[in-house]
Amino acid sequence: MHETGSIDHDDQKWPPGTVRLEDMLKDGEIILQPRPSIDPNDPLNWVPWRKYLNFGLASIINVVTPTWGPMNEQDGFSYGILNDSYAAGCAGLAIGGPLMIPFALKYGRRPVYVLSTVGQFAVAIWTARLQTVGDLVAVNTLNCVLGALGEIIVQMTVADLFFVHQRGRMNSIYVWTANIGGSLATIAAGYITVNQGWRWVWWWMVIFFGISLILYIFMFEETKYNGITHGVNLDQIGNASEDSDAKGMASDLKNVECGVVSDDMHQPKPIRIDHSIPLLTYRQRFALWSTSPGSFRQFFRHSYQPLVIFATIPAVFYMSLVYSILNSTGTVVITTLSEYMYLPPYNFNSAQVGLMSLAPFIGNSLGLMICGPLSDRSILYLAKRNNGVYEPEMRLWVMAAFVPFVPAGIFMFGFGLANGSPWPVVAIGYGMLSFGSAAPMSIALTYLTDAYVEIVADSMVALTVTRNIVATVFVFAISPWIAGIGMQNVYIMLGVLTVAILLSVFVFIFYGKRIRSKTASKYRFFAGKQLESRM
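Residue numbers for the sequence shown follow the working numbering, beginning at 444 and rising by one.
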């Protein structure tokens, strides 16, 4: 493993994730973490528009929507079968990461994004033409196996491109796009179903994935960096050569900055990049794959290593649990909404059911508009009070502030739907749940990226597997569970379970650093098993 920069004397004693974020001797200027190399090809040194373009493309990969009511009416698929097919999709998400994410480590991010989109394009065509229950289960499973890649690899992309003090905002944007992909797509799907039929929902998805594929092929650059200039402190390269014959992006590199940064990535000092290092050509930047060194055994290890990390590093276990219960709660809400809003006393059509997704769209948007900037600004404030040293647990205070909204939303939605309350009550509950869930889900991702950056890929596989196993269990169980004890009691139990898990965040707020210290040797062991020199 190559180091990412020179470290202070005290840094060597710190647990993973603890970094000096502000230089108290220089008017509180922010120190870049991780520290970039002097290589102009290092993604950390890219100008903002290149970073945002890649991140934006990475964030659009998550779009899915159920069209259950019309499929039930027109094709005779029972809601039980539809629930089971959805659960099969969740199982596909669970196995997709361990099976395929090693390819992203070995061959880079770009081929995984491209091949995942090709697969989803083909599956969307199949879905538009499906006829049997076997087709239904198969397309859900395959689509989710392919979709799992996008979910995990986005966090790798965030770690590739952004510094610690920027990741909260970036993860908030990602969670927002992932959530609105479900909510706004549902609204659009409702109107498409009413006017063109449910199959046209998937023909429009074919068009969407076709356009996405073109964008990935011609605009998405590889962000995996395997340069040879790691470990050079930017403060030591003031006399680096500034001569360069490279064309094209050379002018953009003049705008890249380092040393200290402001929130919008525009920094007061220009970076001293070693311009004697040639810029990659267009063909090199858009090559379909870039191979990392490593044996097949190293390659295969990442199919099972995430489960070992999940079982041995408490923070990975807990953040996976937080993300899983919130995602599963949302999944339960979607499945019950998609089934019961078509029935009395509501008797909604597909367009009206789709419009109910405006509630989570508004809730998620408000939650993440607050969470992202607040998370990044709060860690700068808390780090300054901590002699410039940042601890990942500093983000968890923002997460804790959103917790009360989650059970309030669960109870309002569940009680309202169970008792036939006016639809605005149900919608407000749905929106409140989404508002409260937005910050914990975003911060769980950011915490893992900050605390365990060198094993973020394996950590995200563990999180995604856990999330989708839990979602599979909930979706398979929801219909008999409601039939057995009633919808209201189901949502009471779900709310209590969710609160118990979320309130455990205070254990990590107060003891998280101690836990990271005790598991530091395990982290370094797993970090040493990575296929890459730097995440």
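The set of hints was computed from the structure by calculation and includes no laboratory data. Glycine included, every Cβ here is placed at the ideal spot set by N, Cα and C. Misleading hints may appear alongside valid ones.
[Claimed, not checked] With a straight-line cut-off of 30 Å between C-alpha atoms, the simulated DSS-like cross-links for lysine-lysine are:
1. K956 / K972
2. K827 / K961
3. K961 / K456
[Unchecked claim] What follows is a set of in silico ranges between Cβ atoms, one per label pair, in the way DEER data are often shown:
4. P816 / V939: 28 to 34 Å
5. Y725 / I654: 51 to 57 Å
6. N932 / W492: 33 to 39 Å
7. I654 / V916: 52 to 58 Å
- request: List, from low to high, the hint numbers that the structure doesn't satisfy.
  value: 5, 6, 7
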